[in-house]
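Peer 1: So the chains spell out like this:
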Amino acid sequence: MFNKILIANRGEIALRIIRTCMEMGIKTVAVYSTADKNALHVRFADEAVCIGPPEPEESYLNIPRIIATAEITNAEAIHPGDGYLAENAEFAEICFDSKLVFIGPDPTMIKSTENKFLFKQHIKNIGLPVIPGSEDYIKNHKDAEQIIEQFGFPVVLKSAYGREGMGISIIHRIEDLEKAMQNLREKSQKIFGNNQIYIEKFIKGARHIGIQILGDKSGNIVHLGERDCTIQRNNKKLLEECPSPFLDITLREQMGNDAIMLAKSIKYTGAGTVEFLIDPDKNFYVTEMNTRLQAEHPITEEVFHIDIVKEQIRIANGNRLLKKKTIPTGHSIECRIFAESPDKDKLPTGTITTYHPPGGNGIRIDSSCYSGFVINPLNEPLIAKIIVIAGDRESAIKRMLRSLDEFIVEGVNTNKSIFKKILTDPKFKSYNYDTEYFETQ
Amino acid sequence: MDLNYLKKLIKMLDSSNLSEIEIEEEGTKIRLSKPKQKIATQLPTQIITPYPSITNINPQPAEIKEKPEPTTSTEEFNMSKIFEVKAPMVGTFYRSPSPEAKPYVDVGSTVKEGTLLCIIEAMKLMNEIESEVGGKIVKILVENGQPVEYNQVLFYIEKP
Chain U
882 MFNKILIANR
892 GEIALRIIRT
902 CMEMGIKTVA
912 VYSTADKNAL
922 HVRFADEAVC
932 IGPPEPEESY
942 LNIPRIIATA
952 EITNAEAIHP
962 GDGYLAENAE
972 FAEICFDSKL
982 VFIGPDPTMI
992 KSTENKFLFK
1002 QHIKNIGLPV
1012 IPGSEDYIKN
1022 HKDAEQIIEQ
1032 FGFPVVLKSA
1042 YGREGMGISI
1052 IHRIEDLEKA
1062 MQNLREKSQK
1072 IFGNNQIYIE
1082 KFIKGARHIG
1092 IQILGDKSGN
1102 IVHLGERDCT
1112 IQRNNKKLLE
1122 ECPSPFLDIT
1132 LREQMGNDAI
1142 MLAKSIKYTG
1152 AGTVEFLIDP
1162 DKNFYVTEMN
1172 TRLQAEHPIT
1182 EEVFHIDIVK
1192 EQIRIANGNR
1202 LLKKKTIPTG
1212 HSIECRIFAE
1222 SPDKDKLPTG
1232 TITTYHPPGG
1242 NGIRIDSSCY
1252 SGFVINPLNE
1262 PLIAKIIVIA
1272 GDRESAIKRM
1282 LRSLDEFIVE
1292 GVNTNKSIFK
1302 KILTDPKFKS
1312 YNYDTEYFET
1322 Q
Chain E
263 MDLNYLKKLI
273 KMLDSSNLSE
283 IEIEEEGTKI
293 RLSKPKQKIA
303 TQLPTQIITP
313 YPSITNINPQ
323 PAEIKEKPEP
333 TTSTEEFNMS
343 KIFEVKAPMV
353 GTFYRSPSPE
363 AKPYVDVGST
373 VKEGTLLCII
383 EAMKLMNEIE
393 SEVGGKIVKI
403 LVENGQPVEY
413 NQVLFYIEKP
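Protein sequences appear in the order of chains U and E. Sequential numbering of the first sequence, starting at 882, is according to our numbering. Sequential numbering of the second sequence, starting at 263, is according to our numbering.
Just so you know, these hints were derived from the structure itself, not from any lab. Just so you know, not all the hints are guaranteed correct.
[Claimed, not checked] Here are the simulated DSS-like pairs of lysine-lysine, each with C-alpha atoms no more than 30 angstroms apart in a straight line:
(1) K908/U x K421/E
(2) K1068/U x K1023/U
(3) K980/U x K386/E
(4) K885/U x K269/E
Owing to the predicted nature of the structure, the values given are computational and were not obtained by experimental measurement.
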């Protein structure tokens, strides 16, 4: 097993990985920007190295600085966390060239999923269901109109390299098409360095499901059920649950087997998530594959009694997956509590003056906040992930409501109240909603 | 020179009670010694990328300043006249272009804006660090071959 792992991330996810390393007896190296001098991941790690100024490009996204830190601290492996460089094939490649183990899939696997359009063709070619849409990138208005004629409005424009809810544009009227295409191209060029876009039918009443995959280097691949990520705002996930009330055993096994088939087709290793949309008639479509640890992984851990980060490290070390499959029990929900600016157009800033997390039976808090914590507008303003586990969905909802009541954060505005609204909404309780939950309010 | 071989030697020395290992093999001589808490690696000629020593990097820059100083004798500085040269990157600090060469600067050296002060090696690249001010070097805070973090103070330059 590795002696020392560098964690190329910050915040709660860095802390979460450090905790697993501690339990495994592995030493840790934290990296931090000058703004994170007092961060908990810096204090919890065995060693910490300041790598640059607060701008992510100069610190957490700066490959040479991170590799240099691994070299001077003699770290043997790098865990990229769940954002920043986690899905950067170039970074994984440089780790390999520098004789460092990248805790994640091989660079070739990351590359094969990066271009969503090409990967969609691959999914289709191996016989899995994909959302109907253009057979090629859209070059002009006419290409788009053909698809619209075929499927009607609304349609979805997507960037070839879109990710994390970015690079998606839903078109409802023909008048908006030209401008939306132009906007998305410009935005894609700016964010992803590529302006190719494609078009798809909009799946009405869709549920968004991700299937957790683990694959070892001996070719064994298993799935760990689903996470329901249907509650989204601006294409960003807010609340996730496991299992999904929408799936029955048959559908779960069908989707799980398809996810395994897709992972096997690219000889996937490590933890990954195959994403699906399901329409109200329970037709499902494979949409993409995330080749990283996902922010909502704790709900799977709670239900499947497994430590996914530990599995990632074991797999990277060449260990095989454990033969014994755990039996999922109970129901888990995660709410992501973010700092919010009262002015919607501004990024949140400020100091958390009081921080009191909830506790008690069945509650897990993944957070790196404390009283006196300063929210830096350059980073994702996540305050905490509240994860509850209970015997069934109804109890899990009650437990989450209790947690939200107990959770005290003062000094900054949070999105806490939105979760109370969702969890007490009869539509949520009866699972009568889709990915447009907020748009139809 | 096989870096892994060297790495093994360092680990061996580190876990032993020995303070020094010397090996001669096909014209290459390696001497590893362990003064106090650190391991200095003395490498034969023309090795461009000496393997960094294993050192804990302290996250608190304030404490780094309190570490024993390698070169200076007087400790009284008029801080209003002192310019602190800080590391612009993470890497290994070298005072000279090769183990045998003379250091770029010493305590007492007069430097101009643009004078080469040291090298920081990161990812096998030698980054030359130049002075941003003119003045006199009055203190060198880091030892040759020691890893440095971003913003770590390397030199005190007394401005005229």
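Peer 1: The structure should be examined with respect to each hint, and the outcome stated for every one.
Peer 2: Checked hints:
Annotation: proposed proximity of K908/U to K421/E is violated, straight-line Cα distance about 43 angstroms (limit 30 angstroms). Proximity of K1068/U to K1023/U is assessed by CA-CA distance (about 21 angstroms); at most 30 angstroms being required, the pair is judged to hold. Between the alpha carbons of K980/U and K386/E the distance comes to roughly 13 angstroms, so the proposed pair stays at or under 30 angstroms and holds. For the hint pairing K885/U with K269/E, the CA-to-CA distance comes to about 15 angstroms; that is within 30 angstroms, so the pair holds.
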